[in-house]
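All chains, please: the whole structure from these sequences, using the hints.
The sequence shown begins at 1037 in the numbering used here and counts up one residue at a time.
Please note: incorrect hints may appear among the correct ones.
SDA-like mimics (lysine to any residue), calculated; alpha carbons at most 25 Å apart, straight line [stated by the list, open to error]:
no.: 1; residue 1: Lys1177; residue 2: Phe1256
no.: 2; residue 1: Lys1272; residue 2: Met1257
no.: 3; residue 1: Lys1169; residue 2: Thr1158
no.: 4; residue 1: Lys1215; residue 2: Gly1255
no.: 5; residue 1: Lys1295; residue 2: Glu1246
no.: 6; residue 1: Lys1186; residue 2: Ser1262
no.: 7; residue 1: Lys1295; residue 2: Arg1247
no.: 8; residue 1: Lys1401; residue 2: Thr1345
no.: 9; residue 1: Lys1214; residue 2: Lys1337
no.: 10; residue 1: Lys1337; residue 2: Met1357
no.: 11; residue 1: Lys1169; residue 2: Ser1301
no.: 12; residue 1: Lys1177; residue 2: Asp1196
no.: 13; residue 1: Lys1215; residue 2: Met1257
no.: 14; residue 1: Lys1177; residue 2: Gly1255
no.: 15; residue 1: Lys1295; residue 2: Thr1171
no.: 16; residue 1: Lys1293; residue 2: Met1357
no.: 17; residue 1: Lys1272; residue 2: Tyr1200
no.: 18; residue 1: Lys1215; residue 2: Ser1262
no.: 19; residue 1: Lys1259; residue 2: Glu1320
no.: 20; residue 1: Lys1242; residue 2: His1279
Per label pair, the in silico range of CB-to-CB distance [said to hold, decoys possible]:
no.: 21; residue 1: Lys1319; residue 2: Pro1258; range: 22 to 32 Å
no.: 22; residue 1: Ser1130; residue 2: Thr1158; range: 46 to 56 Å
no.: 23; residue 1: Ala1350; residue 2: Phe1326; range: 46 to 56 Å
no.: 24; residue 1: Met1310; residue 2: Lys1259; range: 16 to 26 Å
no.: 25; residue 1: Lys1400; residue 2: Asp1296; range: 27 to 37 Å
no.: 26; residue 1: Lys1186; residue 2: Gln1313; range: 11 to 21 Å
no.: 27; residue 1: Arg1195; residue 2: Gln1313; range: 45 to 55 Å
no.: 28; residue 1: Arg1236; residue 2: Pro1290; range: 31 to 41 Å
no.: 29; residue 1: Ile1125; residue 2: Ala1060; range: 35 to 45 Å
no.: 30; residue 1: Lys1169; residue 2: Trp1136; range: 57 to 67 Å
no.: 31; residue 1: Ser1151; residue 2: Glu1187; range: 16 to 26 Å
no.: 32; residue 1: Met1154; residue 2: Arg1264; range: 20 to 30 Å
Derived by calculation from the structure, the hints in this document are not laboratory data. Beta carbons: idealized from backbone N, C-alpha and C, even for Gly.
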Amino acid sequence: RALFAGCFSPVAPMASKFCQIILACVVVLALCWNWSEAFVHSLQRSAGSVVVAEKLPRGLTCRRGIAQIAPDRYARDSPEYEPAEPAIILPYGSSELEEWNPMPQWRGEKTYHPSKDMQDDTFRQWYHFDAEKKTLGHLAKAIALVLQGKESPLYDPIRDVGAYAIVTNCERVRVSGKKYHYKLYLRNVGNRPGNMKVERFKDLQKRFPERIIMRAVWGFMPKTPSSRRIFRERLKLFAGPNHLYYNKDPVEYPMHKIKDCTHTSNLRYRDRTMIYQNNKLEKERLVNEFRQQREDAKRLKAYKRFLSTQLERAGSEADDMAMEDFVNAARDTEYMRVFEETQGQDPNPSKVQRVHYKSWLPKKKYSANRNQRKGVTPVIQKLEWNVEENDKKKS
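Dropping the structure here:
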């Protein structure tokens, strides 16, 4: 107490300063003496957040050594504990240690972004498209995706990883329906009033076939400055099978992935061949079978009426006749009756055929009530009457 009083006494400032220095040294020595007890024996920490210790420091307890709380999970302060297994501390590198599996804690790698060097034109791929017999819209969409690089595994919306596109046979591209005659292309080069030019698809295909694919591809691309640059520099269009970039070793694009334009493209969806076969063919088969059965029943009824009429005419003579002889006699009797009624008449009377004016093409009778496929010539099945088969059925 006297020492502390002397240290902070205003009478002896020099002695007070000396006492403060001595007090500070004493505190530092006390801390150094108890360093191992206060800071867990000064463990050496390696890189990372894991500490490897051969022996647990004094005062530390393994989590497995803590007793588990009784069944009441919310009674944290309950004095009832279950006995727990003692902690087993294995030395580092022991063969009994379980293998650490880092996969459950894997959070994925950082997304790869191509660098500026990778976006250079020297690393771009060249693709060759053959436009022959392909649908215009499907072909243009595939070309636009290649130009923008959306089919590349390195695609990034803010980076340019697109490729070059070489298109040949531009004059052989096709369109469905009536677009060949009625699809219009408008252009106004100077944007001046009255300077608009209109051209049909079939006319533009003869004059400038590359412009058709050019317009279609630009319609699938975003209208941005980068897209304009890509469209201007990387799209190579040629009429005919040859091009000027064989030195680039272009890769053949898988054209089987692009839809072909066939004659079925002009039909309605339900009238196309595959759809018709899968959906309508079975139904039409059942309908035809029903109609055939109804027609057979009608003819069988008429045939029975004919035999009953002949039986009445024959009278008692038909009792001693066999079935086959009776049918032959009834048929011959009917033939003679028809021959006597039509004797002297023209066997092939000429029918008046109606034709169109000047073209002289025969007029056809169309009915909206018939359920026929548009664009497909209906096949009318002829129903033939076989007397022998009906006789077998009758017998």
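Here is what the structure says about each hint:
1. Lys1177 - Phe1256: 6 Å, holds
2. Lys1272 - Met1257: 16 Å, holds
3. Lys1169 - Thr1158: 32 Å, violated
4. Lys1215 - Gly1255: 17 Å, holds
5. Lys1295 - Glu1246: Cα-Cα ~20 Å, so holds.
6. Lys1186 - Ser1262: With Cα atoms ~15 Å apart, Lys1186 and Ser1262 stay inside 25 Å; holds.
7. Lys1295 - Arg1247: Holds. Lys1295 to Arg1247 sits at ~21 Å (cutoff 25 Å).
8. Lys1401 - Thr1345: 38 Å, violated
9. Lys1214 - Lys1337: Roughly 51 Å separates the two Cα atoms, so the pair is violated.
10. Lys1337 - Met1357: OK: Lys1337 and Met1357 at ~23 Å, within 25 Å.
11. Lys1169 - Ser1301: 12 Å, holds
12. Lys1177 - Asp1196: Judged against 25 Å, a Cα distance of about 18 Å means the pair holds.
13. Lys1215 - Met1257: Roughly 22 Å separates the two Cα atoms, so the pair holds.
14. Lys1177 - Gly1255: Roughly 9 Å separates the two Cα atoms, so the pair holds.
15. Lys1295 - Thr1171: Holds, at roughly 6 Å.
16. Lys1293 - Met1357: Violated, at about 74 Å.
17. Lys1272 - Tyr1200: Holds. Lys1272 to Tyr1200 sits at ~8 Å (cutoff 25 Å).
18. Lys1215 - Ser1262: 31 Å, violated
19. Lys1259 - Glu1320: 50 Å, violated
20. Lys1242 - His1279: 19 Å, holds
21. Lys1319 - Pro1258: 22 to 32 Å: 46 Å, violated
22. Ser1130 - Thr1158: 46 to 56 Å: 55 Å, holds
23. Ala1350 - Phe1326: 46 to 56 Å: 36 Å, violated
24. Met1310 - Lys1259: 16 to 26 Å: The hint (16 to 26 Å, Cβ to Cβ) is violated, given that Met1310 and Lys1259 are roughly 38 Å apart.
25. Lys1400 - Asp1296: 27 to 37 Å: Taking Cβ atoms as reference, Lys1400 and Asp1296 lie about 32 Å apart, which means the hint holds.
26. Lys1186 - Gln1313: 11 to 21 Å: With Cβ atoms ~35 Å apart, the hint is violated.
27. Arg1195 - Gln1313: 45 to 55 Å: Since the Cβ atoms of Arg1195 and Gln1313 sit about 47 Å apart, the hinted range of 45 to 55 Å holds.
28. Arg1236 - Pro1290: 31 to 41 Å: 32 Å, holds
29. Ile1125 - Ala1060: 35 to 45 Å: Between Ile1125 and Ala1060, where Cβ atoms are some 40 Å apart, the hint holds.
30. Lys1169 - Trp1136: 57 to 67 Å: Between Lys1169 and Trp1136, where Cβ atoms are some 60 Å apart, the hint holds.
31. Ser1151 - Glu1187: 16 to 26 Å: 20 Å, holds
32. Met1154 - Arg1264: 20 to 30 Å: Holds, since Met1154 and Arg1264 (Cβ atoms, about 22 Å apart) stay within the stated range.
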